[in-house]
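So the sequence lines, in the order shown, correspond to chains A and B. Counting in our numbering, the first sequence tops out at residue 336, every number present. Counting in our numbering, the second sequence tops out at residue 334, every number present.
Because the hints were derived from the structure by calculation, they are not lab data. Be aware that a few hints might be false.
[Claimed, not checked] For lysine to any residue, the following SDA-like pairs were computed, each having C-alpha atoms within a straight-line distance of at most 20 Å:
#1 A:Lys176 x B:Val314
#2 A:Lys224 x A:Leu201
#3 B:Lys243 x B:Ile265
#4 A:Lys166 x B:Leu56
#5 A:Lys166 x A:His228
#6 A:Lys242 x B:Pro60
#7 A:Lys163 x B:Leu56
#8 A:Lys176 x B:Ile319
#9 A:Lys224 x B:Arg51
#10 A:Lys324 x B:Ile222
#11 B:Lys243 x B:Arg254
#12 A:Lys324 x B:Ile150
#13 A:Lys163 x A:Phe223
#14 B:Lys243 x B:Gln229
#15 A:Lys176 x B:Met75
#16 B:Lys243 x B:Gly129
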Amino acid sequence: MNTNNQTKAIYTILAWTISGLIFFPILWTAITSFKTEAEAISSSPSLFMFEWTLENYSDVLARSPYFEHFWNSIVISVGSSLVGLLIAIPAAWSMAFVQTKRTKNLLMWMLSTKMLPPVGVLIPIYLLFRDTGLLDTKLGLVIVMTLINLPIMVWMLYTYFKEIPHEILEAARMDGASIKDEIFHVLLPIALPGIASTMLLNVILAWNEAFWTLILTAANAAPLTAFIASYSSPEGLFYAKLSAASVMAIVPILILGWFSQKQLVRGLSFGAVK
Amino acid sequence: MATTHSRTLAKLMLLPSVSLLLIWMIVPLCMTLYFSFLDYNLLMPGDNAFIGLMNYEFFLTDPAFIESFFNTLLLVLGVLFITIGGGIGLAILLDQAIWGRNYVRIMVLAPFFVMPTVSALVWKNMFMNPVNGLFAHFAEFIGVTPVDFFAEMPLLSIIIIVSWQWLPFAALILLTAIQSLDREQLEAAELDGAGPFSKFIYIVVPHLSRAVTAVILIETIFLLSIFAEILVTTSGGPGYASTNITYLIYTQSLLQFDVGGGSAGGIVAVIIANIVAIFLMRLIGKNLEG
Chain A
63 MNTNNQTKAI YTILAWTISG LIFFPILWTA ITSFKTEAEA ISSSPSLFMF EWTLENYSDV
123 LARSPYFEHF WNSIVISVGS SLVGLLIAIP AAWSMAFVQT KRTKNLLMWM LSTKMLPPVG
183 VLIPIYLLFR DTGLLDTKLG LVIVMTLINL PIMVWMLYTY FKEIPHEILE AARMDGASIK
243 DEIFHVLLPI ALPGIASTML LNVILAWNEA FWTLILTAAN AAPLTAFIAS YSSPEGLFYA
303 KLSAASVMAI VPILILGWFS QKQLVRGLSF GAVK
Chain B
45 MATTHSRTLA KLMLLPSVSL LLIWMIVPLC MTLYFSFLDY NLLMPGDNAF IGLMNYEFFL
105 TDPAFIESFF NTLLLVLGVL FITIGGGIGL AILLDQAIWG RNYVRIMVLA PFFVMPTVSA
165 LVWKNMFMNP VNGLFAHFAE FIGVTPVDFF AEMPLLSIII IVSWQWLPFA ALILLTAIQS
225 LDREQLEAAE LDGAGPFSKF IYIVVPHLSR AVTAVILIET IFLLSIFAEI LVTTSGGPGY
285 ASTNITYLIY TQSLLQFDVG GGSAGGIVAV IIANIVAIFL MRLIGKNLEG
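Isolated chain A, as found in the complex:
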């Protein structure tokens, strides 16, 4: 018993140390966001013993339209996830319940579209967006985010739908349910948890996407990724403000992410690991 507890203690200390180190940059950013700029670059940095201040947060809010960027991030990530679900649910349903020889190839093909490097289509998308007035609009980004995340959504929904027993649908059919009833009264309620996790994962992916959001936006539709990137230019005395802005950009999604960690594994591994 005693040696058991001893090994447990050693493993506990080891695990807490390593995970603490991994988490440290985030913790340090959070702490720095409450320091003065002078304190933030002090050569004898302090973890807790300093004068805590909220002025960085008010400075960031005064200096830039944070809430506009925040709203843009919400519209782009939630909007693209909702549109994506509308398109992906029927496809995943169809592949999960009416399996053909081609289903597996189709899934693989969808996944392969994810392998298309964004720079391969960068110029046409940029020019098309410029000519249609979609550049620097939320609508434009919703369209791009929907398309780049569609394969992941279909895959993820497919792995959930495949686990729904077919007998349930057959029983409903026996009772004379139409396809519409089948979907709305039988399938959707059972599949709702899977749909919710797919949505959650896609909100996270779209929130953090930093290729298209940086390239296709300027002032109007810039989400938080682009807002933070604007802090890359001035060097020097701005650590505390950078930290405050960073905290405001990552906290919402960090919380969402912690809630959905189990679904994340499943979704992102395309069902290879459950």
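Given chain A, put chain B in place with the hints provided.
The following block gives chain B in isolation, referenced to the frame of chain A:
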């Protein structure tokens, strides 16, 4: 057995996804291919003459391409190596009986949810800055010269940042895989006199191969097109020392407005990704979906 009616319906339901992805893949790609044969620069409006393979010749013989090709390779392989190695270690550690495992999990997972621009800027300024960064303070404290990370080892610095972002993902997937390991098999091996090492090699590693495959596949998809981390830290420099193919094409297309050259680069990037994809698809074709 499905009826003909539901088969037709099934096809109809697939239609939006398939056609959208097909359009998304083919239309811009054909345009890129078309542009890549033109002398087309946004700053020099002209007749956009057809110049055959000249753009490809320029792009492929540009020393910047060779350098960024190897940078891309190093970036992908370096991050894969660190995250999978570290991930296996972390997964085994987190699988042990420890106090407060949920808190540990939450801390390990956190970096994955940090957007690339934030993690790159935080690491660049607050940790790796040669004057005010935490690493510099620490170096002074123990009496060594601080390292100017982004000047002396730009690519390695970016590899470190990106690995920090992806380690949680690898660890979590591998942990989930380890937890599904058959405990009885391990106990049986122990009874037969297998030590921790041979248990690891003969039972844990084969069991993990599927999860490792998934991690390699997904990380490679994202790592091939790393962009934001380079943009906000080094802008590809010094010289081309931290430019990957994605970043090179971005500078050519949107900073130098060379549509023709950038397009040729884009097609080259697609071909490289395809070679990688064929290899990876073989791998997962074997390992996924049984």
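Going through the hints against the structure:
Proposed proximity of lysine 176 (chain A) and valine 314 (chain B) is supported: the alpha carbons are some 11 Å apart, at most 20 Å. Proposed proximity of lysine 224 (chain A) and leucine 201 (chain A) is contradicted: the alpha carbons are some 33 Å apart, above 20 Å. Simply put, lysine 243 (chain B) and isoleucine 265 (chain B) have alpha-carbon atoms about 32 Å apart, too far for the 20 Å limit, and the pair is violated. Restraint check for lysine 166 (chain A) and leucine 56 (chain B): the C-alpha separation of about 18 Å stays at or below 20 Å, so the hint holds.
Proximity of lysine 166 (chain A) to histidine 228 (chain A) is assessed by CA-CA distance (about 19 Å); at most 20 Å being required, the pair is judged to hold. Taking the CA atoms of lysine 242 (chain A) and proline 60 (chain B), the gap is about 18 Å. The hint holds against a cut of 20 Å. Proposed proximity of lysine 163 (chain A) and leucine 56 (chain B) is supported: the alpha carbons are some 17 Å apart, at most 20 Å. Under the criterion of a C-alpha separation no larger than 20 Å, the hint pairing lysine 176 (chain A) with isoleucine 319 (chain B) is consistent with the structure, at around 14 Å.
For the proposed pair lysine 224 (chain A) and arginine 51 (chain B), the alpha carbon gap of about 17 Å is at most 20 Å, so the pair holds. For the given pair, lysine 324 (chain A) sits about 14 Å from isoleucine 222 (chain B) by alpha-carbon distance, which is consistent with the 20 Å threshold. Under the criterion of a C-alpha separation no larger than 20 Å, the hint pairing lysine 243 (chain B) with arginine 254 (chain B) is consistent with the structure, at around 18 Å. Simply put, lysine 324 (chain A) and isoleucine 150 (chain B) have alpha-carbon atoms about 11 Å apart, close enough for the 20 Å limit, and the pair holds.
As the CA atoms of lysine 163 (chain A) and phenylalanine 223 (chain A) are separated by approximately 18 Å, the hinted pair is consistent with the 20 Å bound. For the hint pairing lysine 243 (chain B) with glutamine 229 (chain B), the CA-to-CA distance comes to about 10 Å; that is within 20 Å, so the pair holds. A threshold of 20 Å between alpha carbons decides the hint, and for lysine 176 (chain A) with methionine 75 (chain B) the separation of about 19 Å falls inside it, so the pair holds. In summary, the hint linking lysine 243 (chain B) to glycine 129 (chain B) is supported, as the alpha carbons are separated by about 18 Å, within the 20 Å threshold.
Of the hints listed earlier, those the structure fails to meet are numbers 2, 3, in rising order.
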